[in-house]
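Asks: Sequences and hints are given; from them, build the entire structure.
If you're matching positions, the sequence shown starts at 1 in UniProt numbering and goes up one per residue.
Wrong hints could be hidden among the right ones.
What the hints assert, rightly or not - List time: in silico DMTMM-like cross-link candidates among lysine to aspartate or glutamate, alpha-carbon distance up to 25 Å:
1. 482 with 467
2. 471 with 789
3. 1070 with 1083
4. 458 with 796
5. 916 with 336
6. 929 with 311
7. 273 with 1060
If you are wondering where the hints come from, they were derived from the structure by calculation, not from laboratory data. Computed from a predicted model, the values in this text were never measured in an experiment.
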Amino acid sequence: MAPKRGRVASPEEDDGGDDIPPSQTPRRARVDMVDDDGEEVQSEQEEDDTAGSEDEGAPTRKRTRLSGEGEGADVEPKSEPVPQFKPRVTLPRDPADGFIPGAIVGLRLHNFLTYDDVDFRCGPYLNMLIGANGTGKSSIAGAIAIGLGGSPNILGRQSEIQGFVKNGKKDGFVEIELKGPAGQPNLVIRRQITSLNKGTKFFLNGESIGLREIRTKLEELNVQVTNLCSFLPQDKVSEFANMNPQMLLRETQRAAGDPNLTAWHESLIENSKELRAARELLENDKRELQHLESQNAALESTVAKYQRRRELERQVELLSLLLPFAQYAESKIRYDENKKRREAAKRMMEEASAKIEPIQRKKEYACHIIIEAPLTSSSSEFATHIRSADTARRKASEKPLVIVDKIKRKHDERVEAEKESEAVNSKREELKTQAKARKTRTQKLRGDVSRLEKVVEKEPDMGDTTELVEKRAELQREHRLKVEEYRQLQDQQRQIANEIAVRKEQVAEAQRGLQSLNDIACQRMHALRKADQDVADVVEWLNKNQTMFRQEIILPPWLSVFVKDTKYQAQIESLFNLTNLKTFVCQNDEDYRKMNKLVNDEGVIGRKVRMNIWYRPPSESQPPVARDAVCAISSEINIVCADWVHDDQLHTLGFSCYAIECVQAPEGMRNYLEKELALNRIPLAAREDANVAAMTAAITEQSGGTFLTGNIIHQVTRSAYGRRLAQNSTRKISPARLFSGNQIDTDRQKQLEQAIVAARAEMDAEEAKMGEVNLKDQPMRNVISELGDKINEVKDKLAKIQNAKKQHEMNKAKLETARKTLEKEENAPDIKEEEEKLKKKLLKFATKCAAIMHETVALFDKLQETQLEATRASLLHQQAIANSNAVDKLLSTYEQEVQRVKKDYERADEEFQRAKATSKRLLEATKAKIDEVSNELREEFQKNYQDQGNAPSVAQVEEDLATKQAELELNQPMNHDVIRQYEARATQISTLKEKVAVQERKTNKLTTKVERTKSKWKPALDDLVNQISRKFSAAFDRIRRAGEIQIRDAGDDYANWAIDILVKFRETEKLQILDAHRQSGGERSLSTIMYLLSLTEYARVPFSLVDEINQGMDASAERDVHNQLVEVTCNTDCGQYFLITPKLLTGLHYHEKMKVLCVNNGDWMLHPDPPVPNAGNLMKLVDNYVNRTVSVPG
1 MAPKRGRVAS PEEDDGGDDI PPSQTPRRAR VDMVDDDGEE VQSEQEEDDT AGSEDEGAPT
61 RKRTRLSGEG EGADVEPKSE PVPQFKPRVT LPRDPADGFI PGAIVGLRLH NFLTYDDVDF
121 RCGPYLNMLI GANGTGKSSI AGAIAIGLGG SPNILGRQSE IQGFVKNGKK DGFVEIELKG
181 PAGQPNLVIR RQITSLNKGT KFFLNGESIG LREIRTKLEE LNVQVTNLCS FLPQDKVSEF
241 ANMNPQMLLR ETQRAAGDPN LTAWHESLIE NSKELRAARE LLENDKRELQ HLESQNAALE
301 STVAKYQRRR ELERQVELLS LLLPFAQYAE SKIRYDENKK RREAAKRMME EASAKIEPIQ
361 RKKEYACHII IEAPLTSSSS EFATHIRSAD TARRKASEKP LVIVDKIKRK HDERVEAEKE
421 SEAVNSKREE LKTQAKARKT RTQKLRGDVS RLEKVVEKEP DMGDTTELVE KRAELQREHR
481 LKVEEYRQLQ DQQRQIANEI AVRKEQVAEA QRGLQSLNDI ACQRMHALRK ADQDVADVVE
541 WLNKNQTMFR QEIILPPWLS VFVKDTKYQA QIESLFNLTN LKTFVCQNDE DYRKMNKLVN
601 DEGVIGRKVR MNIWYRPPSE SQPPVARDAV CAISSEINIV CADWVHDDQL HTLGFSCYAI
661 ECVQAPEGMR NYLEKELALN RIPLAAREDA NVAAMTAAIT EQSGGTFLTG NIIHQVTRSA
721 YGRRLAQNST RKISPARLFS GNQIDTDRQK QLEQAIVAAR AEMDAEEAKM GEVNLKDQPM
781 RNVISELGDK INEVKDKLAK IQNAKKQHEM NKAKLETARK TLEKEENAPD IKEEEEKLKK
841 KLLKFATKCA AIMHETVALF DKLQETQLEA TRASLLHQQA IANSNAVDKL LSTYEQEVQR
901 VKKDYERADE EFQRAKATSK RLLEATKAKI DEVSNELREE FQKNYQDQGN APSVAQVEED
961 LATKQAELEL NQPMNHDVIR QYEARATQIS TLKEKVAVQE RKTNKLTTKV ERTKSKWKPA
1021 LDDLVNQISR KFSAAFDRIR RAGEIQIRDA GDDYANWAID ILVKFRETEK LQILDAHRQS
1081 GGERSLSTIM YLLSLTEYAR VPFSLVDEIN QGMDASAERD VHNQLVEVTC NTDCGQYFLI
1141 TPKLLTGLHY HEKMKVLCVN NGDWMLHPDP PVPNAGNLMK LVDNYVNRTV SVPG
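Replies: In structure tokens, the structure reads:
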């Protein structure tokens, strides 16, 4: 897990050189779900989203803030001491057990990949895990990554978390015990996984915990399972080798050196990028400002004339604005007069309305009472009477409803009592059934006890097993001796096989020599390279690696096919297309699959290509031309009909031979030419006067085909319609360009052929030896098999004796259990007491039902009385409402008088509204004019006229307006576009000046910040890389090779700063950068482990892991790497280290501090039943071997 990244402070926040504080920004919220038991389950989705990022947990970056005053624009970077780091910056080692806080103390797996249950106890220094392929070594690396919160894709094998549960199992877990900080207990982290979904749970020391808290704990211990420099699983080895130098620098900074290196580097990348953008923007703004100022200087005189005309326009506009305002002032006087007349009419209408108000109020009170409106203190007697009647009505109507509810409740109580009574009756029946069942069980148990007592009385005859055990041991010893003898025989077979392989290589080398002697082949290779570079590269690779295949891979016809007779070269070449010429031919299915995988799938030539590769099982081929067809068509020649046309008959028709007879090619290539190009079915004629008609007829009988005469190729087909007549299409062939020239030197060819014969003779001799050795193989297998059968027979006898004893003990246990069960049944309590209790409950429920019925009858009587009372109250309420209707008649008389006065008011109001509309219209026109003018003109108008209310007369304003308009017409208008451009540029100039000043302050601050950060980052990085380079170079010197680590300085482009690994594996070459194209797989693996070892002494992580890094190394390099790894990782200053490897060489160095964990796991493991003491105990096997070796005399 990546460490938390420090926040990059802005110039205002950074007071000059303090270390960057840890991030306080909260990390993204976790998505949780809850399982059926209510426990919190961590969602895998959140893990997939966060675990793949290198910057997980990093804070959101802030942009650098700039103050308006330009603070810090000229601040010089402080000269401060470069921080130095110690080689080991991990937490202190516990002297009691030697573990560093964060190191792995133990690892427990349950139903994880290939494991059912396993518990590993680790050492504080080097832990070497060895075991055969497929035993689950890499699963341990996966368990560490998954158990410490890593996502599935971190291993490059699985993309879903449920894929780590063992096949056929529902769930599993990984439990890892980490060394705790000094003075604190160890941390036991368990991750529970299931095969049903992506859900996962985490536990810390037995308590449920979230993924975020787990990662926080691991960050405190600086555990990094996502950093390939400290945790390199098997499937990520190639990814590390292909890692670009920039990413290598970032991962190295995370794993080793000063803790602030990553934060400083990220700050430099961000700030330098922003600085470059700021400088570019500043230069552009300065150029733009200079250009605008020069343009405006040329327009000063034109602008002065324009301003004079603008003054005249302003005065006209002001008078135009004053005209509607003067008209509005005169209209306002008329409006005030009409308003006074309207107010007088309104007072007369209000006096008439006051007369009818008391009667109308009485009516309104009556209406309020009806709709249940509350009365005020001024309510009349009439309204009070109506309210009292309504209140009495509502109270009387509520009483019957209350009694009805009580009746319903009594009914429910009776129903519930009846249900309880039925339940008691059901329980009585159940008690009777239980009594019968207990009686039956008691009888059965008595019978079982009697039967088992008889069985137990008869003790089985066990016999003495000592003799069988001794016999089994003797047979096993003899079996081991025979197996060892058989292994020696297999070694002899492998030695002979190696000799045969050497002879095969000699044959292949001679065959390649035959091919290289031919000038035509060289010319063809040159032409092939020009036509298709990919095919040429595959050919060169194949020439060097033919021994990888069981049989020779035939090169494409472009290189391997020759024409014996020059007169047929053009004809043969016309039968090939470009794809045919570039096809590789295999001679068996195994080589075909292997060739496809290496070339087309894995890109063995260093890049992905698509080659045509062909294979078909060989079979006999025959010419297809039917002789009877020739007889039927050719009347000129008398030919005896038979199955096929022979060579002499072809000559009769004017044809020389079939195309395959003119071709010189390897036997495997001939199979391809016959099956794919059908050269064995294509007749050739050197001259054009051959019998075309007869041949066409013969080929037509075979459903079509091809033949050649001179420089013409004939394609015969049969029509798919009507009479299916034959069709013969012809075309001319071009002169040969590829299949031309002479053959190779025959003398040299014979020498090479003799070398091939000699090598094959020696190979036959070795194969004869192999046959003699193979004769001993089967008899020895038979002896071993017979001994195994005898051992199994003794084991079966021992098993029968043990099974009989086990069965007798089981019968005893069954007898004891049956006796206890019988005693329990016989002592069970009688059910009569329970029966009496149920009868009493029934009586109680019957009494309760009777009481409920009496109460219900009384409630029905009371319901009748309350219903009569509610009816009387409703009638009284209706009478009170009728009385209020009499008020309406009196109110109608007064309303007629009000209507007359209202009409007078409406006429006065109509005249008022017309005057008001006129004034409003003029006012709106004035406002519209005000809105249209500029703010400056609006303020002048409001100051001189609107605010003071001294508007001139309309006639005076119209006269002044006409005078100004006439004066304006005498002035010619100016070009407004020029003035607008001048003003726009003036605005731009002002804005740009402010922008340039701000940008200069920003650029100065960013420059200061970058230099200050670089003064801390660069020396610390140089110190780290120099120390790593010294270790790396020393390690390569010890294995007689050369290596060096360098920093790639990219100047201000800090994102492209990188670390280059330079290596040299041969004396004749120079130091070269390590990449996936220059070095072989073994060389890249060796360089990778050397780099990781060089980091070990400077790493901050508590533990590191590499998985099968030795793949592809030769024995010498692997031995050197192992010895250096032991020397480095068993040093007191180094942290915990895990090395996973499937093989071990002899003569390796070991250290007392390292721990070797042997992995022995898989479906093939034996699980003896009954268990055998010390079965699977590896140390026991080692001790037995040592004891036997010591006991051998001499």
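Asks: Look at each hint and say if it fits the structure.
Replies: Against the structure, the hints come out as follows:
1. With a CA separation close to 23 Å, the supplied pair residue 482 and residue 467 stays within the 25 Å bound.
2. Straight-line distance between C-alpha atoms of residue 471 and residue 789 comes to about 13 Å, which keeps the hinted pair within the 25 Å bound.
3. The suggested pairing of residue 1070 with residue 1083 holds, with an alpha-carbon distance near 15 Å, which does not exceed 25 Å.
4. Between residue 458 and residue 796 the alpha-carbon distance is near 23 Å, which keeps this suggested pair within the 25 Å criterion.
5. With a C-alpha separation of about 9 Å, the suggested pairing of residue 916 with residue 336 holds against the 25 Å cut-off.
6. Note on residue 929 and residue 311: the hinted pairing holds, with a Cα-Cα distance of about 18 Å set against a maximum of 25 Å.
7. Pair hint residue 273 plus residue 1060 holds up; C-alpha atoms about 23 Å apart against a cutoff of 25 Å.
Consistency note: the structure conflicts with none of the earlier hints.
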